[in-house]
Amino acid sequence: MAERKIRILIAKPGLDGHDRGAKVIARALRDAGYEVIYTGLRQSPEQIAAAAVSEDVDAVGISVLSGAHGYLFPRIIELLREQGADDILVFGGGIIPDADIPVLKAAGVAELFTPGTPLADIINFLRERYPE
Amino acid sequence: MLHKEQAGFDELLARGQNNDKRAIGRMISCIETGGTADHHMMQQLWSHTGRARIVGITGSPGTGKSTLADRMVKYWLTKGYRIGVIAVDPSSPFTGGAILGDRVRMNDLALVHEVYIRSMSARGQLGGLSLACSGAVGVLDACGYDIVLIETVGVGQSEVAIMNVADLVLVISVPGLGDDVQAIKAGILEIGDVFGVNKADLPGADRTAKELKAMLDMNPNMGEHQPPVLMVSAERSQGVDELCDAILENYAWMEESGELLKRRNRRLREELLSYMQDRVYRQVLAPVIENDSFDKNIKDFLSHARNPYVWAGEIADRMEEKLK
Ligand SMILES: Nc1nc2c(ncn2[C@@H]2O[C@H](COP(=O)(O)OP(=O)(O)OP(=O)(O)O)[C@@H](O)[C@H]2O)c(=O)[nH]1
Ligand SMILES: [Mg+2]
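For the protein sequence lines, the chains are R and D, in the order given.
Under our numbering, read the first sequence as residues 1 to 132, first letter to last.
Under our numbering, read the second sequence as residues 1001 to 1324, first letter to last.
These are computed hints drawn from the structure, not numbers from a lab.
All values reported here derive from a predicted model rather than from experimental measurement.
Some clues are possibly wrong.
[What the hints assert, rightly or not] Here are some, though not all, of the chain R residues that point toward chain D, as calculated from beta-carbon distances under 7 angstroms:
{"id": "1", "residue": "A26"}
{"id": "2", "residue": "D31"}
{"id": "3", "residue": "G33"}
{"id": "4", "residue": "Y38"}
{"id": "5", "residue": "G40"}
{"id": "6", "residue": "A51"}
{"id": "7", "residue": "D56"}
{"id": "8", "residue": "R75"}
{"id": "9", "residue": "E78"}
{"id": "10", "residue": "I101"}
{"id": "11", "residue": "P102"}
{"id": "12", "residue": "V103"}
{"id": "13", "residue": "K105"}
{"id": "14", "residue": "T114"}
{"id": "15", "residue": "T117"}
{"id": "16", "residue": "N124"}
[Said to hold, decoys possible] These stretches of chain R come out as covered by chain D in the derived footprint (C-beta under 8 angstroms, 3 or more residues):
{"id": "17", "region": "62-71"}
{"id": "18", "region": "80-91"}
C-beta: ideal position from N, C-alpha, C; glycine also.
Build the full structure now, drawing on both the sequences and the hints.
Here it is, written out as C-alpha cells:
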C-alpha cells in the first residue's frame, strides 16, 4: 500500500458569503500532492474541529474574512485540545490586521497568510512542517 | 505520525465503540499507512468484525450520491442505527493529491454522536483503494457501527471496485444525463442490487426509471430476484425512507438466501490474495529486485544486451527454489 499522504482540512467558518479563496488554496494544495478535505461554507468551530478529528488530518487551514478571527482561531484550537487532538496544526488566511497576528500565534496558530501571499509560500510552509 | 496516539489497540477499540471519533480516526489512519502496524491492527480487528451491513453507493459524478447519503443517514438514525460513512474521491494521477469534497453535503452530520464520516482518496490503484477501504470498514464494523455506507464515483473501473468492499450496491442515476445509457452499458447494471433514480424532482425521472427497468428485464444474468428501481429526491427528502427500507429488505433477502455469504466468501478470497501479493512483494520480492542493480538491468534490457523475460524467469525460479 502507498505511504499515507499528508491530509489537510480546508474550512471556511463564519457567515460571510463566498469561499473562492478557500477553493483556490484547496486546489493549490491538491496540485502540490496533498489530500485536501474540503468542508465548504459556514462551518461552526465545533463542526470544523469534529471534522478534523474524524478525518484525522495533519493540519487545518482556515479562511476568515469576517473579522471574527479573534474568536474563531482560539476556539477551534481549544476544541481540538479538548478532544486530545492538539497535535493537529492550525494555520489560516484572510483579512487579519497585523496587530492581531502575534496574539493569534500566541494562542497557538502556527502561521497566518494575509491576502496577496503567494500560494507557493503556503506550500513551502507545509513542506517545512512535513518533509517528504 | 503513528506516534501521535499512544493508546494501545484495546483502549482505542473501546473508545471507538463508544463513538470516540479521535480513536476511530487514528485506527483508520494506521490502516491507511500500511506496513506492520497496519497488519497488527487488521489481525486484532478481525475477531470483532462481521456484523456491519456494508452498503455501497455509486453513480456518475454529480448524481447526488453525497446528498442522498446525508438523507439516508438521517433516516437510519431515526431507526436507532449507528452509521459510518466512507466517501471515496479520485486522486490526481499526476501529483497523487486530491480534493475530497463529499463532506460539504453532510455537514449537518458532523456533530452527530452516532455518525462517523471519513473521506478517502482512491490513490490511483484500485487494489490499494480496496485494501485501505475494507480496512476502514473493518474498523467501523469492530466499533459496532450497524451500517457502513461507502460512496464511490462510478467512472472507469471504480464502480466495479465497490463490489470488492460492499455487501450490497446502490446504483444512482439521474434524469437527463447524456451519459446515463453509457454508464448502464459499462456494466453498472450487473453490479446494482438496488437502483435509485435521484433528482426525481426534475423532469424525465419516470422515463429514466422506466428505461432502467426495461434494461434490467432484458438482462439475462438476472435470476428471479429483480433489483428494485426507486425514484428519489435527495434534495427534497422525498422517497428516501422507501429507498432505505428497500435496501434493508434486499439485505435481509441476501442473508436468507445465502447470497451474502457467497459474496463475502468471494470478497475475502480476493482481498486476501491482493493482501498476500502486497506482502510477499514487499517482504520477499522487493529486496531482491528493487536494489541498485535494478536500474542497470533495465538499461541492459532496453539496449537489448540482455533479455528481461529470461531475467524474470530466473528470479521466479530462484524464489521457488528457496521456498523448497
Ligand atoms: N434537483 C436536485 N438536485 C440534487 C438532488 N440531489 C442532489 N442534487 C444536487 O446535485 C449536485 C451534486 O450533488 P452531490 O451530492 O455532491 O453529488 P455526488 O454524486 O456526491 O457528486 P460527486 O461526489 O462529485 O460525484 C448538488 O448541487 C446537489 O444539490 C435532487 O434530488 N434534486
Ligand atoms: Mg459526492
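These are the hints, each one checked on the structure:
no.: 1; hint: A26; result: holds, 5 angstroms
no.: 2; hint: D31; result: holds, 6 angstroms
no.: 3; hint: G33; result: holds, 4 angstroms
no.: 4; hint: Y38; result: holds, 4 angstroms
no.: 5; hint: G40; result: holds, 4 angstroms
no.: 6; hint: A51; result: holds, 5 angstroms
no.: 7; hint: D56; result: holds, 3 angstroms
no.: 8; hint: R75; result: violated, 14 angstroms
no.: 9; hint: E78; result: violated, 15 angstroms
no.: 10; hint: I101; result: violated, 27 angstroms
no.: 11; hint: P102; result: violated, 28 angstroms
no.: 12; hint: V103; result: violated, 27 angstroms
no.: 13; hint: K105; result: violated, 22 angstroms
no.: 14; hint: T114; result: violated, 24 angstroms
no.: 15; hint: T117; result: violated, 20 angstroms
no.: 16; hint: N124; result: violated, 16 angstroms
no.: 17; hint: 62-71; result: violated (count 0)
no.: 18; hint: 80-91; result: holds (count 4)
Consistency with the previously given hints fails for numbers 8, 9, 10, 11, 12, 13, 14, 15, 16, 17, ordered from lowest to highest.
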